[in-house]
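2 protein chains.
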Amino acid sequence: MQHYNKDDLTKMDQRYRVQLINSLSGFKSANLIGTSNLAGLHNLAIFSSVFHLGASPALVGFIIRPDSVARHTLDNIQQTKTYTINQISGSFWREAHQTSARYLEQESEFEQVELTPELHQCTRAPFVKESRLKYALLLKDIMSIPLNGTQLVIGEITDVICEFSAIKPDGYIDIESLDTIAVSGLDSYHSTNRLSRVSYAKTDSHPTDIPLDGLLAKHQP
Amino acid sequence: MQHYNKDDLTKMDQRYRVQLINSLSGFKSANLIGTSNLAGLHNLAIFSSVFHLGASPALVGFIIRPDSVARHTLDNIQQTKTYTINQISGSFWREAHQTSARYLEQESEFEQVELTPELHQCTRAPFVKESRLKYALLLKDIMSIPLNGTQLVIGEITDVICEFSAIKPDGYIDIESLDTIAVSGLDSYHSTNRLSRVSYAKTDSHPTDIPLDGLLAKHQP
Chain A
1 MQHYNKDDLT
11 KMDQRYRVQL
21 INSLSGFKSA
31 NLIGTSNLAG
41 LHNLAIFSSV
51 FHLGASPALV
61 GFIIRPDSVA
71 RHTLDNIQQT
81 KTYTINQISG
91 SFWREAHQTS
101 ARYLEQESEF
111 EQVELTPELH
121 QCTRAPFVKE
131 SRLKYALLLK
141 DIMSIPLNGT
151 QLVIGEITDV
161 ICEFSAIKPD
171 GYIDIESLDT
181 IAVSGLDSYH
191 STNRLSRVSY
201 AKTDSHPTDI
211 PLDGLLAKHQ
221 P
Chain B
1 MQHYNKDDLT
11 KMDQRYRVQL
21 INSLSGFKSA
31 NLIGTSNLAG
41 LHNLAIFSSV
51 FHLGASPALV
61 GFIIRPDSVA
71 RHTLDNIQQT
81 KTYTINQISG
91 SFWREAHQTS
101 ARYLEQESEF
111 EQVELTPELH
121 QCTRAPFVKE
131 SRLKYALLLK
141 DIMSIPLNGT
151 QLVIGEITDV
161 ICEFSAIKPD
171 GYIDIESLDT
181 IAVSGLDSYH
191 STNRLSRVSY
201 AKTDSHPTDI
211 PLDGLLAKHQ
221 P
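Protein chains in written order, with the working numbering: chain A, 1 to 221; chain B, 1 to 221.
Take these hints with a grain of salt, some might be off.
A pair holds if it fits inside one copy or across any two, identical chains being indistinguishable in the list.
What the hints assert, rightly or not - Each computed BS3-like pair below joins lysine-lysine, with the alpha-carbon atoms no more than 27 Å apart: (1) K202 x K6; (2) K202 x K140; (3) K11 x K140; (4) K6 x K81; (5) K140 x K6.
Simulated from the structure, these hints should not be mistaken for laboratory data.
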């Protein structure tokens, strides 16, 4: 096994270190965040830091650097308090990656990378038409992380739009059937193969495989 | 497409809603966090909320509920300021899932689920011997998220231990070759298949596939 200590990490070439450290957290979610400024110009940016924060209220967080190429996303969210998160599928992951190029503020990434904005009455922020699972959020908080100058943006989910067939009877969404992809490091994209769904862990038994449809086949809502 | 609005989400059966909302962020990382209390008793808990926060300093965050089954992890980190994060591989994901059972404070999940604690001089927190990529952290901050009572735990990476063959010449770690797995929803586990690594996006060109070894084959450190 290779062992890097803190001294090794400090002395590493900067680009090498960025690649290495970005690989440590494991597989990351791949999402496009859609926003609009007050003048109605759309923006679209890829993020690999979107994470679940809670189901009740339904909260999702993501990390942004105010000085990064994604700063227009933060500006727009601060202006309009709304944004959309769109899962990235195998059919458009290259276009999604291309949104990370440094386009000008007046250029819409939708046009530049050839993805299609989709507007719904529920929000002024654009969805990605090509995305098979997407949701609208209302900004709830932006927390500064003084340790490195990043910001944690927290939104409450107000609307969910998803292909019906992927929603299982117990509420689980089979995102693998939507061909949702995952990211590792800075630039590697991956499709998935299900190992299994497993039962809730209890101290007196081993977890068992459960059907994809879940154990409680209760059609909701 | 199925469209749930905020009213639908509010009225949903609680368990259905938890499954649905947990599916929205996309694929999640799968990690075991190892800690020790001041008396030296080990604790091990699975987390799907570990995320990259920055490379310089090397920071990683995760979300914890103080009232959850994982509360001993938080207690131990507060006591000792140290913990380990261990990527979960295909060979022990079922054991990893089992750590989420509600074991008593005096029971070590290592023993209960039959994973092996591995001690190194660099930290008092136990690593998981079976893990092929793991790292030690020093607690830097615990930020309360008032919106739902969760806590964001931020640590700085002090040591990285990884199978040598997975570390590519540009610093990228091929976590797929380590059989690192991903999570969706609450209880679904997935292996991955690489689509490709791609070049840094520029406004004047389309991203191209790059070799697994990266473009800058520079052996470091």
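Status of the hints after comparison with the structure:
no. : hint        : in the structure
1   : K202 x K6   : neither (38 Å within a copy, 33 Å between copies)
2   : K202 x K140 : neither (35 Å within a copy, 33 Å between copies)
3   : K11 x K140  : between (39 Å within a copy, 21 Å between copies)
4   : K6 x K81    : between (40 Å within a copy, 16 Å between copies)
5   : K140 x K6   : between (37 Å within a copy, 15 Å between copies)
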